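Peer 1: 254 is the number that numbering that gives the first Met the number 0 gives to position 255 of the sequence shown; each next residue is one higher, with no gaps.
Hints in this document: simulated from the structure, not taken from any laboratory.
As the structure is a computational prediction, the values presented were derived from the model and not from experiment.
Just so it is clear, CB atoms sit at the ideal spot from N, CA and C, and this is done for glycine as well.
Be aware that one or more of the hints could be misleading.
[Stated by the list, open to error] Pair ranges (Cβ atoms, derived): (1) 129 to 160: 12 to 22 Å; (2) 133 to 20: 39 to 49 Å; (3) 234 to 264: 20 to 30 Å; (4) 68 to 22: 24 to 34 Å; (5) 30 to 62: 20 to 30 Å; (6) 149 to 18: 51 to 61 Å.
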Amino acid sequence: MSTAYDDPRIQLARQTVGAVSIVADPTLPPHLLQLVDSRGNIYFAKQHRSQARYVQETHAYLTWRRHLQDHAPELVGRQDSTHILLLTAVPGRSGDALLPGSDEEERAHHDAGAALRALHQATCRRSTGDMGDELAVRLRSWVARADRADLLSGTERNFLLQIADELAGTCMDSAVCHLDYQPRNWRIGDGFWAFDFEHMRRDARLRDFARLAFRHWQAAPRLREVFFTGYGGRLTDTEQRLLERFGAIEAVTAIVRGHEQGDVLLSARGRTVLSQLS
Numbered sequence: 000m001s002t003a004y005d006d007p008r009i010q011l012a013r014q015t016v017g018a019v020s021i022v023a024d025p026t027l028p029p030h031l032l033q034l035v036d037s038r039g040n041i042y043f044a045k046q047h048r049s050q051a052r053y054v055q056e057t058h059a060y061l062t063w064r065r066h067l068q069d070h071a072p073e074l075v076g077r078q079d080s081t082h083i084l085l086l087t088a089v090p091g092r093s094g095d096a097l098l099p100g101s102d103e104e105e106r107a108h109h110d111a112g113a114a115l116r117a118l119h120q121a122t123c124r125r126s127t128g129d130m131g132d133e134l135a136v137r138l139r140s141w142v143a144r145a146d147r148a149d150l151l152s153g154t155e156r157n158f159l160l161q162i163a164d165e166l167a168g169t170c171m172d173s174a175v176c177h178l179d180y181q182p183r184n185w186r187i188g189d190g191f192w193a194f195d196f197e198h199m200r201r202d203a204r205l206r207d208f209a210r211l212a213f214r215h216w217q218a219a220p221r222l223r224e225v226f227f228t229g230y231g232g233r234l235t236d237t238e239q240r241l242l243e244r245f246g247a248i249e250a251v252t253a254i255v256r257g258h259e260q261g262d263v264l265l266s267a268r269g270r271t272v273l274s275q276l277s
């Protein structure tokens, strides 16, 4: 994607907020562009390659952002034809740049729990078996993708399909979930903000803890404690067992996506989680 003056992201920003300049940041991925207007307000212009992801993130900002109670950027402009969102920038540092073991890291997890609680409480639906059936189908589909690439042993495959059978018909609460809720998608400054809503949809409520549980809390269990203090309640034994079942989905998706994207670290993370579960 070009950052020239005729870049559609810049054109959308000019139409929406007036004259803008590019803020150079070599750490940003190519689909993101940081801009500043004549009053010093900073924005991010995000262009999706996938129409489905664009539609999903747009819907999240228009429909569910308000439930995060100002803990998210604002959508100030969009262009359907080019799949571009113009978002306000939020101050601070990325959550994954915080010093491990620091008070600041603990506060971030506490505030993350409080923000997620607001979203879940506003959108929660009572427990039914429909969500368990849906997740069982989803897990089986990921196992099939792994099979086609010969990524699983027979033992691993049987274990994952057993988990799918257990999920089928299991009653669980649903809520609107972020589904990539982890420090890399948090911004920490004078407050707490979450962003990157392209995966947000209604899902099993407990699934929103899975990335944290299997990528962050195992090495730092104290962060789990402060997160749930912010969230306002601990998991029951039944909920903890269900969260572990969701780890199987985390594992096989990481293995498959890591293979498809040539991401060795992602594949290794999936393997690690799968070995811990089995």
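Peer 1: If a hint holds in the structure, say so; if it does not, say that too.
Peer 2: Now the hints, each set against the structure:
1. 129 to 160: 12 to 22 Å: Because 20 Å falls inside the window, the suggested range holds.
2. 133 to 20: 39 to 49 Å: At 46 Å between Cβs, range holds.
3. 234 to 264: 20 to 30 Å: 28 Å Cβ-Cβ, so the 20 to 30 Å window holds.
4. 68 to 22: 24 to 34 Å: holds, 28 Å
5. 30 to 62: 20 to 30 Å: 23 Å Cβ-Cβ, so the 20 to 30 Å window holds.
6. 149 to 18: 51 to 61 Å: holds, 54 Å
When each numbered hint is compared with the structure, no violation occurs for any of them.
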